Structures are given as C-alpha cells and as structure tokens.
Amino acid sequence: MSKASTMQKPSMEPRFAGITFFATSHVGDVCGTNGLPLTPNSITIYGRSQILRTFSHPNLCAYLDIIRGKHERTMIVLEYYALSLSSAQCSISEQGIVKLCQQTLQALAYINTFGVVHRCLAPDNILFDSKGNVKLFNYGLYYMTGQGGDVSFPIGNPRYTAPEVFLVDSQTVSGPKVDVWSLGIILAELALGVGQLWPELKLAQLMRKVLSLIHCNSDTSVLSRIAREHSCWTKYESLPKSLVALINSCLQLKPSDRPTPEELLKHPAFLEHDIANLEIHPFERVEGVRGKEHALSSLPLQELFYLWRLAGGDVQAELKKQGLIRTMPTILSVPRLVLLEGNILGKRRDQTSLLDLKIIPLSLDTLALRLSNVPVSAYYPLIETRSEIIQDDDECDAANLPLIIRERDTEYQFRRIVLFRRLLEGYPYTRSAIIREARRDIPPLYRGAVWAALLEVEGDIDAHFIETDKETPTHTDRQIEVDIPRCHQYDELLSSREGHRKFKRVLKAWVETNPQYVYWQGLDSLCAPFIYLNFNNEAKAFACLSAFIPKYLHRFFLKDNSAVIREYLAKFTHIIAFHDPDLSNHLQEIGFIPDLFAIPWFLTMFSHVFPLPKILHLWDQLLLGDASFPLYVGLAILQQHRDALLSSGFNECILLFSDLPEVDIERCLSDSVSLYCCTPRSTTYRQHERVVVKTPSQKNRPHHPDLEMSAQTVAELQAESCPRISGADLLDLLDAVKFPRPKVLVIDVRGPELYNIGSAPGSINIPHTRFDWTAEIPQLPSCPEANTLLQNRGKILVVAGQGDSPQAAQVAQVLLRSGLPRVCILHRGIDVLQLGNLLTKPSST
Amino acid sequence: MANRGGPAQRPNPQTQGKICQFKLVLLGESAVGKSSLVLRFVKGQFHEYQESTIGAAFLTQTVCLEDTTVKFEIWDTAGQERYHSLAPMYYRGAQAAIIVYDITNMDSFGRAKVWVKELQRQASPNIVIALAGNKADLANSRAVECEEAQTYADENGLLFMETSAKTAKNVNEIFLAIAKKLPKNEQASGAGSTNQGRRLQELDGSPKAAGNCCK
Ligand SMILES: Nc1nc2c(ncn2[C@@H]2O[C@H](COP(=O)(O)OP(=O)(O)OP(=O)(O)O)[C@@H](O)[C@H]2O)c(=O)[nH]1
Ligand SMILES: [Mg+2]
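From first to last, the protein sequence lines are chains Y and F.
Mapping of the first sequence onto UniProt numbering: position 353 corresponds to residue 353, and the numbering continues sequentially without gaps.
Mapping of the second sequence onto UniProt numbering: position 164 corresponds to residue 164, and the numbering continues sequentially without gaps.
Bound conformation, chain Y alone (with noise of 0.2 Å):
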C-alpha cells in the first residue's frame, strides 16, 4: 500500500452519476381485490425499470442502476459526463447542430422500439462524451414512473413541452413525437443562438406562452414566429434551407403533422450535410486534461459501477453529501389526526421529500486508489496459452479468505471479473476453464452468465422463448397465479409486477414446452434464481430452468411422481445410514422420515427452503456436481443440526425442521463435496435419474451388465437399510495400483464351503448362519473376523452374499445397528466378482 502514495495519485472523472426522487406512496393499509397488499410505487418502479440497464446505444447514457432507498425514495445511477448542452458555452455550427440532431434522433428511436418516450428532452439532458458525441441521459424517467403516473410531480420541461401535451389529461400517454417537439425547440434555440427561449417567463407564463403558438398556421411557422419573437429575424433568413426545413417538422404543431424520430431520421438534411466524421462542437477536449487515461477506464461501466460499490461506493450516502437527501426527524411529521380508513390530517409537508432532480457525479478516486497496486497486466489476463509453471494462487492476498468476504473484496473481485468476462466472451470453447475457476467461486456480476455456460445453455435460445406460447390460458394458471405472489416476495425484483409477468411467462412456457410433465407447487421457487439472475432476459432464465430440471430433477413434475420421489427419498436414507449410522439408527427409531421433512428440499433442490442469497451460492456449487450431489447437501444441512437431532424426539425433531433452521452454506457445501468425494458413485443410483450419453472417451471401461446397478422397486430399497454398490465400483475399490492401501473391506456372509472356493481379495467371512436371527436386535456375533471388521472401522465396508440373496442386506442392517459407517450391500452379490476374474482363494490365516 505504501508503494501507491508514491506514485501518481490515481484520479479519474467521475464516469456515472446518481438522481433521485419520490414515488407517489399508497394512503394508509389499502390492499388490492385479491386481499394482498398494493405493491408500494417503488417496488413497481424498481421492477420495471430493470430493462433499462439493458439498453446498449453509443448516444445513450446506459443505466447502471436502480436503488430503492426508504419512504418510496428512486435513486438512480447513469453514466454520465460533465459536459451538457446546457453547460457548453459555445455555440455550435449549422453543421454540428444537424449532427446533433441526427445523433439524438438515432438514440430517440432506439428507445421508441422499446416502448421508451424521453419526455423530459432538454438541454440539460443531452451530454457529450470526450468525442464530442451525443449521449441521452434520463431517458427513462417517463417510462420507468409508468409515464409519470407513479409520481407526483409532472414529468419534463415545460419549455421544450410539446402543446399537445398540456391539453390532454394526465392520463394519456405521451408517444414519441412529443420528444421530436422538444428537440425541435432545441435545435431552434441552438439555430437561433440565442440561449433559452423566454427566458423571463416564469413557469406558468411558460405553458402559456407554448400553447399560443397554436396560432401558428401555415403562413407563419413556429421557428419564425420565435425568430421574430427574439428579435433574430436575420439570423432566421440566413439560416440554411435544409436546417430550416428540419426544425420545421420538428415544430409541428399537430402530431399527426410530426414525423417520429424515426421517419425525421430519412430527412433529407442529413444526406445534404457532410456529417459523418464532423464533430459537433469545438469544445476543448475533455481528454488529456488529468493526462494518461486510467487502466480503469478500459472496463465496461457496469464492471467499474459494481467495483465502485464494492470499494465502498454508496449512492444514497453521496446523494446525501451533495444536499440532495436529507432527513428530517420523524417526530416533526407526525400528523395530528389519523382516520381510521386511513386519511391522514394536518401533517406538515415534508421539505425534504420535494423533488430536485440534481445530477450528482459519483467519485471514483476511492476505487482508482484501492486498486492502484494492480498491474495493468491483470487487466488483461491471459486464458488460453496459461502455463502451469507461473502459479498465480497468490495474486490476491483474499484468495484463501471465506466466500463471504472474497465477495466484498475490491480487489479479489475485480480479479474474478475480469477473468471471467474473458472466458465468458469465449464460451463454449472455454466450457472447461470455467467449470475449473467456478470450484473456486463464481463472481456474483457474472453469475447468471456463469450458471447459463454450467447449464450448458446454447443455441439461439431466444427464438425458441418467442415461439413458446405462454399466453393462452391453461388449468395451470390459477395455482401458477396464487404461487407467485407468494414467492420469495422479499425480494425486489420478484415481488414487483414486472418480476411477477415474468414468473408466469417463463413457468407456463415451461408447462407448455414440457407436455410430459405438469405444474406443481414448487416449480416457482425453481425458477426463482433463474428470474433474479436473468431479469433481462426471460429466455435464458427460460433456458436455465428448462436445463436445471432434466439434470437434477428428472421426473420429479410427471403427474404422478410419486415413484421417483419415493426412490429419491429412499436413496437419502441410504445415504444418511451410509455416512452416518448413529444419526440414522435414531431418526428410524423416532420415525423421522425423510417423506415428512425432505420433499420441499429436493423436489426445489432447496430453492423453497432457504433465501436467494443462501440458494445462490448453494447452487454455484450443485451446479458443478452432478444429479446425485444434492443428496449430499441434505445430508450436511442434517449433520449441521446433528447434536439438536439426535437429543431430540419426533416432535421436537420435526418442528426444528418445519422452519429451515440456521444452516451455515459455505461449511454445508464443503462437507457435501467431502462426503460425495468419499461416496462410491453407484451407492447413490437411481432408475429415474437422467441417463447421460457418456463421451467416447469415458466409453473406455465398457462393463458387463452385471456390474452395473439395476432397477430396485421402492419397496425393495426400503426393505434395505444400507445401499447396493454395483460390482463396476468395487472392482475399482479393490484395485491395489490405485489403491496400495485398501479402502474397502469385502464381508462375505457366504457359507464357508463357497467362501474357501474363492472370494474377493482381502475380504472375511462371517456366515449369515453365525448371526441369531430369532434376537430382537441381532448382534454382531463374537468371533476373529468380527474384530477384524470393528478394526476396519472407517472403511467401505461391502456386505456380499450369494447372488441377491437378502442375507446381505440382513448382516448389512446388523453392521449399521451396531454403529458402523460407509455399510453397502454388493449388488448381485459375489458372483459378480466372477465376471472381473477376481474371485482369489482366500489365504488361511
């Protein structure tokens, strides 16, 4: 740290900037027809103006963010240069204003094909970038205040307002010839030169003032009416034809008379004037002026925006700085009556709540400084000719901290970005890279795109979302309609009414586009995380969901599921008694069965049980294992809880698990790879689990069928209390290069003559025969081998008996009574072993 004093101090200008204002708030506790609460004016604000953060035009100021902050309080951030027309204090040539005009309406009409009206066009709010190119800013505050009526204050300028909007009512929506007006207003006060139009007109005068130009006719325009109005009738004459002409139809005074930006964008002025390479203005170039551009600059604004914040950044505390929110103690505002339908009398107006739609530049001299030990080189990493030899473990200083805190880390993050931006740009090719840098974490800017390359999510995934009808009204749609408000409603983005079109369209597009399969409750929170992360586009959350369900829950919505969820339920308990047989043996004493406890977990992979910031990182990392991974996780989230479990009876039990309990995430997935790790893979095979078509080069151990596992009914693995290996894995286990020191123990339950005729290598023999069986609870019976196998204690320890004789999984059940752990039962039994020519003769000891 004490390097970077020394060297320059790292500045930068500000690149974004934040406003704010006041959504209208609902008087008193109003619900809607439904009995749900009206969603507060933020919420629906804040949901629809996400699509706006998506908007890319090299004449408009992107929009990097939208915060809600208390009292219905928008802050807005954009980005943003400190160069405007109203700012520029020169004048522009006839040329440069054609440009201008033609950039702007370039930008106009992208927005128009998003159902986007500026509305509040003015000088103000046309910025330049260091080129001297237009750049729109606060574009959206029409749209995204539901054309105005979210707020209560009135949306543009009153002297670029185009007529016809003053004499309509509120309610009519303003479309996007009123922005040709303003910008004809515009172009004719820059054509003019002569400033602000009326500038001694007070607002009321102003309105006034725009409406009398109605008498305008045909004889005498609006531009040469304002020409004489100002006293510049020769500077009007002496304007060229075609930039006369192009004021002309933006002056229009009926809108039916007006071109949109679009059609003025074919008129001939702009072929007329040599445009292309001219700039608009001589302003002194911003550029150059703080010398060398910073590193900084080169990334992408969201990237800088999400840095800044992580740097400490925080909008509402500048907005605050600047004077721009201020707080008055609430004791001031109390009202002095109250009725009960909720009418509020005689409380003082709110000085702080009036609107000042200020732009305040945010600083980014903070992050440029937390980042200026930073190599430029780091900006640039290298990802494909990677060597092993330079290890760059210890670039970060946060690498090895907890997730939780490389999340907040400057530096780290910036790291993780920028790298993952670069493999994202080379996805698919890059598939493998960024499955070996998602084990170690997933950036959260990125982890929508992230989870989308893990899904394997391809192809143009947008036309199948247009062609997938999800309008026509199904059966579905009622439960689909009572669900979604009752999802993850904590939320901002999901619980606005943005978020919640978009939960219905990407589920019933689901319905649709899975005939197989049908609604059921739960699918919502499925496709939660989907919706949050993709909020812009529905067709990858469409797409994520539609490949989340196949890989991890196969089956699990046919009409009738309970066979898979059985099986699925049944291969938890398995699993619990596998890795943890004193938990087991109490939960199947007190009948704490996973049926009444575990269905929400799996049937929502967890999506229903826990908050998205817990289901986020939770599936960063499920999203790398496989269909049998979230087993795992069931099993460490009961382990966490272990000591409550197993003090506990049913009730209690089932209590402390009808509330999700605390669950520590990041320990929860560490113990879940560490018991899938050590978990042989067959032990946890499912009929109903997604066959995946193996690659040629996993093809390479083609195994005899009998070696692998088959079908058991629900009723046989619930007969069983420990699971089947299949003869493939334990043929595996027992090979001796891989494993000098043995991690399997092989239990013969065989009669002796059969044992002596051959059997597995290393393996003992303790016959079915020895064990008494009219006992309540078998023992264990006393003998050498018996030692052995308690010896042996931390081992797999594979019961096999005589083909799939139940005298196995009987010795397997006494084994896992008396305590021991990782207990499986040989699928097929020994006869298996035949089959790999393993069968040894057992050395006598």
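Hints should not be assumed to be uniformly reliable.
Unchecked claim - As a list, the in silico SDA-like pairs of lysine to any residue whose alpha-carbon atoms are at most 20 Å apart:
#	chain 1	residue 1	chain 2	residue 2
1	F	K71	Y	G649
2	Y	K504	F	Y49
3	F	K71	Y	E652
4	Y	K795	Y	L820
5	Y	K321	Y	E13
6	F	K43	Y	D659
7	F	K43	Y	E652
8	Y	K559	F	M89
9	Y	K795	Y	D659
10	Y	K559	F	Y49
11	F	K71	Y	L656
12	F	K169	Y	C31
13	Y	K70	Y	P40
14	Y	K559	F	H84
15	F	K71	Y	S648
16	F	K43	Y	L656
17	F	K117	F	K71
18	F	K169	Y	P37
19	Y	K559	F	R82
20	Y	K241	Y	T220
21	Y	K559	F	Y83
22	F	K169	Y	L36
Note that these hints are calculated values from the structure, not bench results.
Quick caveat, the model's predicted, so the values are computed rather than measured.
Mind docking chain F with the ligands on chain Y? Use the hints.
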C-alpha cells in the same frame, strides 16, 4: 397489522388437570389460508406473503380448557390437488381436521366438500371435523354465503366458523371449539408423541379410534 391477536394461551401449570394430545390436520384448496391460520394460531402472526406449502408442515400448540390442557399436533398440508396422494399420510390417525375454504372463492368451497366426503369415508370414524370459511375480512368480495356454508355444515355434523387469519377473527375460537368437542377419555390408546412418525408410516393401519390422553 401483522401481529394483531396473540397466540393461544399457554397452559398454566397450576390449574392444569390432564394433558391430552391430539393430531389435527388442515386440508383445503391451495391459497385458502391454511398455513396462515396455523401461523396465527401458533405464533399470533400473519404474513401477507406466506410461502406456499410443499408436502406438509408440522407445528404444535396448546390450548387450555377448564380442567384439561389440549396439545394439538398440527399437520398443515399442501393444497395443490397434485399433492393429494400425500394427504392420507397426514389425515390417517388424525382426531381432528379443519377443512378450509376461501369465502371469496366458490371453487374452494366445492373442494372443501370433496374433502369432507373423503374424510367421512377414509379417516377415523370419530374424527372431529371443522369447516373454516377463511378470509372473512374480504367480505366485500364474498362468493360463498355464510348461510349456505352453515347449512352444509349442519347437515354434515361439522363445526363451522368464518375465520380470518389476517384479523385473527375466530382463529383461536375454532381450535378451541374443536378442543372442547374432542373426547377426552382416559383409557384411549396412549400413543405418545414419539410414535407419531411411525403412526404416519402405517399406510394400511386402521385409524385410531379416539383421542389419546396421557396424564
Ligand atoms: N385477506 C386475507 N388474506 C389471507 C387470509 N389468510 C391467508 N391470506 C392470504 O392468502 C394467501 C394464501 O395463504 P396461505 O396460508 O399460504 O394458503 P394455504 O392454504 O396454506 O396454501 P397452500 O400452502 O398452497 O396450500 C396468502 O397470501 C395469505 O396472506 C385472510 O384471512 N385474509
Ligand atoms: Mg400452506
């Protein structure tokens, strides 16, 4: 708003005579307010955005009658028709049931009647059934007349009340009415709470005859 009306009374150790334990199940169409009723009864709370129920949820609450303390073991089930196949697991062996409908939704009343029939056929013969017309606070969007429901309840020997989980109206009352109506005979089979799970598993076991009391 969310905390109007406190939870039902806790037992007072001084006055309690015997303690009876009953299993109660809530059934009814999705989103009629089953979970909200339970939440109001058990915790005295109301959440506008109550999460939907998947599978079932379990809660307990105790109410005091003059000489008895009644402990309810409440199974709140999922309302979606598809989860129907799970329902028997929860109502089997239940001594009481609350069948809930939403007074602003006629279909939910129809669904409630289907539940009544099913319980009359499949559940324990002495089961005490209460019908709850929930969301009484939304009376101005009423679709099911109170008289109609009352008549139906009378015909079928059900307890009936219009309730509101939101305003707490009749919530404690309906549970209390059930507690009063439940038989509290000492000699009833004494399956303790630890056997609860096993009882749930007995898929073909005959329904328990009466309330089980322990002293
Ligand atoms: N106005 C009003 N709303 C209620 C009342 N009870 C429940 N609600 C609302 O109705 C919706 C559904 O309530 P839940 O309790 O989730 O319904 P449920 O019957 O448990 O639904 P499932 O779990 O899907 O079976 C929620 O948004 C509740 O806030 C009530 O008495 N009055
Ligand atoms: Mg519920």
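Hints, one by one, checked against the model:
1. F/K71 to Y/G649: holds, 16 Å
2. Y/K504 to F/Y49: holds, 17 Å
3. F/K71 to Y/E652: holds, 14 Å
4. Y/K795 to Y/L820: holds, 10 Å
5. Y/K321 to Y/E13: holds, 19 Å
6. F/K43 to Y/D659: holds, 13 Å
7. F/K43 to Y/E652: holds, 16 Å
8. Y/K559 to F/M89: holds, 19 Å
9. Y/K795 to Y/D659: violated, 36 Å
10. Y/K559 to F/Y49: Outside the cut-off at roughly 27 Å; violated.
11. F/K71 to Y/L656: It holds: about 18 Å lies between the C-alpha atoms, which stays within 20 Å.
12. F/K169 to Y/C31: holds, 18 Å
13. Y/K70 to Y/P40: Holds - the C-alpha atoms of Y/P40 and Y/K70 are around 11 Å apart, at most 20 Å.
14. Y/K559 to F/H84: holds, 11 Å
15. F/K71 to Y/S648: holds, 18 Å
16. F/K43 to Y/L656: Within the cut-off at roughly 15 Å; holds.
17. F/K117 to F/K71: violated, 26 Å
18. F/K169 to Y/P37: Distance ~19 Å between F/K169 and Y/P37 Cα, so the pair holds.
19. Y/K559 to F/R82: holds, 7 Å
20. Y/K241 to Y/T220: Satisfied, since the Cα-Cα distance of roughly 15 Å is no more than 20 Å.
21. Y/K559 to F/Y83: holds, 10 Å
22. F/K169 to Y/L36: holds, 17 Å
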